[in-house]
Structure formats: C-alpha cells, structure tokens
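J.: Kindly produce the complete structure, drawing on both the sequences and the hints.
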Amino acid sequence: MKSMKKWMAVGLSSVLALSLAACSGNDEASSEGKSGDKVTLDFWAFGATNYEELAKEYEKENPNVKIKFRTAETAEHHDALFTALSAGSGAPDIAALEVDQLDRFKEAQDRFENLYDLGAKEVQDQYLDWKWNAGANQEGDFLFGLPTDIGPKALYYRADLFEEAGLPVEPEEVSALIDSPEAFKEAGVKVKEATGKPFVDSMEMAYRAYLDASVETYLNPEGELLLGKDGNAVKKAYDYAVELDKAGIVGKFDMWTPEWANAVNTGEFAAELGAGWLKGWMEGNAPDASGKWRVATLPTDFAANWGGSYISIPSETDHPQEAYDFVEWLVSPDNQLKSFQSKGLFPSAESVYDMDEFKSNEDKFFGGQVTASVFAEAAQDIDGAVYKGVKYFPIHQEVLNALRNVQEGADPEAEWKAAIKRAEDLISR
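Reading the sequence shown from the start, the letters are residues -24 to -1, 1 to 405 in mature numbering (1 follows the signal peptide of the UniProt record, and there is no 0).
Calculated directly from the structure, the hints in this document are not laboratory data. Bear in mind the structure is a predicted one, so any value in this text is a computation, not a measurement. C-beta: ideal position from N, C-alpha, C; glycine also. Treat the hints with care, since some could be wrong.
Unchecked claim - Straight-line alpha carbon distances no greater than 25 Å define the calculated DSS-like cross-link-like pairs of lysine-lysine that follow: (1) K335 <-> K319; (2) K44 <-> K314; (3) K166 <-> K97.
Stated by the list, open to error - Pairwise CB distance ranges, derived in the manner of DEER restraints: (4) G172 <-> S291: 54 to 60 Å; (5) K32 <-> P197: 52 to 58 Å; (6) D55 <-> E35: 42 to 48 Å; (7) D86 <-> V165: 49 to 55 Å; (8) N38 <-> G224: 27 to 33 Å; (9) Q297 <-> K212: 27 to 33 Å; (10) S336 <-> E389: 49 to 55 Å; (11) E149 <-> A237: 43 to 49 Å; (12) V165 <-> T276: 49 to 55 Å; (13) K212 <-> E35: 46 to 52 Å; (14) G207 <-> K44: 48 to 54 Å; (15) V191 <-> S327: 22 to 28 Å.
T.: Laid out in structure tokens, this is it:
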C-alpha cells in the first residue's frame, strides 16, 4: 500500500518521554481474554485492502473472536496511531504500519508487542528475507509486525512509443535491451529523438532509480546525516537524475498531480519506474491507455522496493495472543493470494509466486501480459530494505527541491550543497 501524501515525520521518542505511562487495557476490547471466551479486537488499517472481508471469514472460523475494523487514509491513520501511542491509551489491538512510517514507530518499541514472543519464528521462512528483516529492530531480536504486501519496482513502458522509436516491444526483449543505467539512458534518448516526448515522467522518478535501491540513504541507524559523506548513495542518485535531465529525457509530470494522471492516460511520456501497486491505479484511472502499457524488469542496479506494510500489535491490547493468531492467519500465503487478486496487494510470501492462480493472472490493461511474474522476479532481486529513519521525508523533500531547481536551470553542485545545509538544519532541530 502506498503513501500518497508525503508528510513530515516527527520523533516519536521525544513525545513519548513526556506522556503518561501506558494505560492498562484497551477501552474497546472485551475484558475477557481467557481461551474460549468472547474477544473483541480493534483493527486499524489504511488504504484499499480486502482485510475487512478476510476478517469476516476469520470470524466464521473463530466464533469467539469479533474484529472491529477501521480504515483511513495513510497519513490520517498513522497520525491517529501516533497520538494514541503517545497518550498511552486508545490504541487498537492490531495496527497496520506503512513501510515508510515504520522507522518512526520503531522509536517506541515499548509500545508494541514483540511478535517473536507470540510465535512469529514459526512462520518466518514463509516470507522474503529482506521484507521480514525490515520489520525487526536493529538487533534483530524484536519483531514489530508480520509482513503483508510489498512494492517491487519494474519498468512500465508505452509499447506504442517504444515501437515508434524503433525499440523492441516485447517485455523479455525490453528487459534484455535495458539492462544497465547506461542502456536506460540510451533508450530514453532514442524515444525523445523519435517522438519528442520525455522518457521519464519527472526528476523524482529519475532520482529514485538509484535511490530506492540504496540500503543507506539520508541517515544511518545512529541518526548521522550521510549526504556529505564520500561515496554516499544519494549523491550517485542525484547525479544520475541530473545526467538524464541534461540528456533532455526527463519530463515535468510530478506523480499524483492531475497533469501526471492525464499524461499516463494519453501517453505524454514513455516510461515509469513504478512499484507493483501502480498497476492497479493505472487499470482504474487511465482508460484510454488500456492495452498500450507493458511491464519489464529493471536493470539490477535499480532493483528495489517501494511501498508495502506490516501488521503490528500495540502493547495496550488485553489479548495479544488472540490478536497475533488473527494476524498470522491474515497474512498467510493463501490469504496474501486473495489480497493480491482482489486489491492488487503484491505478496511478500514467496510460495504465492508458484501458485497457479498467481502465475495465470493475465492483465487485459497490459495487453494480456502476466505482469505478476515480472514483479515476482523483481521482488527476489532485492538485496535488502532501505533504512529511512525518522526524518527521511523532510530531508527527501529538500533533495527533490534541489533537483527541481536544477531542472529549471540552477547549478547542480550549488543546489546539492544547499540541500545538504538544509538537511543539517533539520537534523539539528
């Protein structure tokens, strides 16, 4: 599930230090917790999922359990959970955490149940290693959440624009051709020369080509700013975006704007470095583009994850084991397949990739291509999850501001130094 609103994350630890000790019990939960007694579990989620439908299935199989489901927009959900945890009361029994928000909540480890204590080790081998490990603390002995969906990135491309530029159209041929950052740029130049249209939609997407594949970005786990360090991965990503812009192949269609949505629909740019969840958005919002887009694997240098979530259990719950039993069931391979089929949530359980229902899932929007296999391959090429830290979003925005200034004619090195200074100011606050 994606975060469509980028908001400035603040340190949870400082807020919690001023809050009262956690209250005992959840006001909404049943006071009965003994095995066999009726139990009510509050479940807070965000975005479009099929979790409410699955919860009803679980209730039928477990008549002693009632799931009270609540969903909200991504930012609203995480703000409400932040507030409840800070106050020490009002948190749900079960809460979804978006991957970009996860490090923020890891600052409050004492406010969550350690899922290793509830049986999580027994299912660890069912999930991609990098996804599982990102849900744990730095020491690896505390698990905040069980893995749900992921966002493996791939190359979305307009087959008609590729054909016009004399490039191959079949996904396997495109993957073979665009097998390096250099080949990516060369293909973009050919598209621009033949069609007059940009290859990549925006400076942000050009920047994220390398950025999303970097294990360390703006901060290390100790909170140290990495931007000015020699060999920093962010500078490599920044320079590559500048290089693509100088080649004239980067557009000005910022993701989620009306202009970008129209450009996806009408073919105003040729390629998008998007995650698996983008497929569902395209199918529902770009009707004129049906049959014109395809999906190919990205160069291994760009292999990365963008998005996804975990299901956690706040420590306020009176029913940690009952909550865990439901969560383990909810994110099982069979149910991840159901979530993929109904809402496009891409599975983090590897066994799903071998299921017939998964492998035969043809996408009419993508010309009948089985795009699931492309994203499955991409998911298994990812080396590890990116460490983001509490102030990832505001620092990320400062670098994007620099890149947008460069696109308008500003000096790249001057903008880079200015972005570092602004990031240093953010860290010092």
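J.: Could you grab the alpha-carbon distance between K335 and K319 and see if it respects the 25 Å cut-off?
T.: holds, 16 Å
J.: Could you see if the CB distance from G207 to K44 stays within 48 to 54 Å?
T.: holds, 50 Å
J.: Indicate whether the distance between the beta carbons of S336 and E389 respects the range 49 to 55 Å.
T.: Since S336 and E389 have Cβ atoms about 51 Å apart, the given range 49 to 55 Å holds.
J.: Falls inside 43 to 49 Å, the C-beta gap from E149 to A237?
T.: Violated, since E149 and A237 (Cβ atoms, about 29 Å apart) do not stay within the stated range.
J.: So does K212 sit 46 to 52 Å from E35, Cβ to Cβ?
T.: Check passed, 50 Å falls within 46 to 52 Å.
J.: Would you say the C-beta atoms of N38 and G224 sit inside 27 to 33 Å of each other?
T.: Since N38 and G224 have Cβ atoms about 59 Å apart, the given range 27 to 33 Å is violated.
J.: Taking the Cβ atom of D86 and the Cβ atom of V165, is their distance within the range 49 to 55 Å?
T.: holds, 53 Å
J.: Using the beta carbons of V191 and S327, state whether their distance is inside 22 to 28 Å or not.
T.: This hint holds: roughly 26 Å between Cβ atoms.
J.: Holds or violated: are the alpha carbons of K166 and K97 at most 25 Å from each other?
T.: violated, 50 Å
J.: With the threshold set at 25 Å, check whether the alpha-carbon distance from K44 to K314 stays at or below it.
T.: holds, 20 Å
J.: Would you say the C-beta atoms of V165 and T276 sit inside 49 to 55 Å of each other?
T.: violated, 21 Å
J.: Given the hint of 54 to 60 Å, check if G172 and S291 actually sit that far apart at their C-beta atoms.
T.: holds, 58 Å
The structure is inconsistent with the numbered hints 3, 5, 6, 8, 9, 11 and 12, although it conforms to all the rest.
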